Structures are given as C-alpha cells and as structure tokens.
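Got chain A sorted already, so can you dock chain B onto it with the hints?
Top line first, the protein sequences correspond to chains A and B.
Here the UniProt record's numbering is used: the first residue of the first sequence is 1, the next is one more, and so on.
Here the UniProt record's numbering is used: the first residue of the second sequence is 1, the next is one more, and so on.
Simulated from the structure, these hints should not be mistaken for lab results.
None of the values given here were measured: they were computed from a predicted structure.
Some clues are possibly wrong.
For chains that are exact copies, the list does not tell them apart, and a pair is met inside one copy or across any two.
25 Å max Cα-Cα, derived BS3-like pairs, lysine-lysine [stated by the list, open to error]:
| no. | residue 1 | residue 2 |
| --- | --- | --- |
| 1 | K14 | K65 |
| 2 | K5 | K65 |
| 3 | K5 | K94 |
| 4 | K65 | K38 |
Number of protein chains: 2
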Amino acid sequence: MSSEKINLQEKLAKFSEHWSPRVIAQMNDYQFKLAKFKGEFTWHAHKDTDEVFLVIEGKMGIEFKDKVVELSEGEMYVVPKGVEHKPFAHEECKVMLIEPAGVVNTGDAGGELTAQNDVWV
Amino acid sequence: MSSEKINLQEKLAKFSEHWSPRVIAQMNDYQFKLAKFKGEFTWHAHKDTDEVFLVIEGKMGIEFKDKVVELSEGEMYVVPKGVEHKPFAHEECKVMLIEPAGVVNTGDAGGELTAQNDVWV
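This is chain A alone, in the form it adopts within the complex:
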C-alpha cells in the first residue's frame, strides 16, 4: 500500500521499453499501470475483465473487428470484457492502464509481446 503521492511524469521517466506496462499504484485489487506504446500490438481479449486506456501524452488507436478508435491526450476508453482489440501507436504514446491485478497484457493471445506481470516502477 503506497502512502506517497505518485507523479506520472516521474514514473514515465524511469523506463523506456514499449508495450511493457509498469505498475504505479494499487487500489483494492485493481492496478494502475503506465506504458509506452509504439508500433502495433497483438490482437487479444481479456475474457474476465474490462480494461481502461487513458492517454497521458501522444496519440494511440485501438483496432476492433468492426471499427478503429483514435485517442489523444486526455481521452479514455473502456474496452469491454471479452472484446478482441489491437492497440497501436504511430509515434510513441504514453498511456495509463487500469485493470484488475494479474491481468496479462496479451490476454488470451500470448506471444513474444507478453510482458512480465506486476512489475512496479
């Protein structure tokens, strides 16, 4: 349980890897993670949970089977449980993810972009 304030930019300065979320806070059994996106991620779904993306800096998109959602700084999106999606970013984008602790970044898909889970920064 952190009892310190958390500065998003300070945390973002501490890592550079893309598609590798770092946990910055926990609220009950949910975690707040920061990630840097660049390029194309993997198609995947999280069968047990919704997932929130909040753009801190830059632009990103989320491809769905039936549409593409583009997000800029100060915009957020709730990907519903079980819905296949593929995040992407043409330029580096800094993103906050909010989801239950234990959620794996590639969901049900696995593969080489699967990041180690529960890595705090």
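Frame of chain A; chain B shown alone:
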C-alpha cells in the same frame, strides 16, 4: 457499457458544481468520476474501499490526521480504506476519482456536502 471514447475536458465542461462527482465511465464494478473541488470538504473515511484521486488540472490537497498531501496536475494518490481524510483546494481543481460504484462522496460522515450518487455526465 459505453463503447465511445471519453474526452475529459468535454465532460468537465458539462458541469460546474463543486464537490459533486459525475460518473464518466464504468469498468467492471468500478467507476471513473470527474469532480471540481474548491474550498474545504468534510472529514470522512470509506470503510470498505481504497479511493484514488488523480489531478487533471489545478492543485488540491488531502489533509490526513498526521500529514497533508499536496497534489498537482498529473499526480495521483491512493487513500487507503478506512483512513480519515479531508480534501481541499484553494482554487478550483479538476479531479478524477476512481472507486467502486456505489461509493458515497462523504463516506461515513454524511452531511450537506453529500452528493447524489451515480450521476453520469
């Protein structure tokens, strides 16, 4: 379940009341709320849940029995379950709150600052 992107500034422009959180998104059984703080809130605690404050614009503070935490834009804080706290803001501050659906803003304290719950904007 919203399947639209959510722009924080657009949502903030839709209300002006202080200490009156508006729900903008739901993820599983958790809600994301926006609020405008100005002045002093009520001492209270949430006995069943942690609560997250993320400053979108401006400055705010949280008084605890043993310290004061000051938060600026891009900073967040997890108030642990059951811990008494009193938010304040000398000038208007725009804040995102994240907590389980059903949490009342004044927690166990009640009083005239108690806002209607589950009001979406």
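We went through each hint and held it up to the structure:
no., hint, verdict
1, K14 - K65, "neither (34 Å within a copy, 32 Å between copies)"
2, K5 - K65, "between (39 Å within a copy, 16 Å between copies)"
3, K5 - K94, "both (19 Å within a copy, 17 Å between copies)"
4, K65 - K38, "within (20 Å within a copy, 43 Å between copies)"
Of the hints listed earlier, the one the structure fails to meet is number 1.
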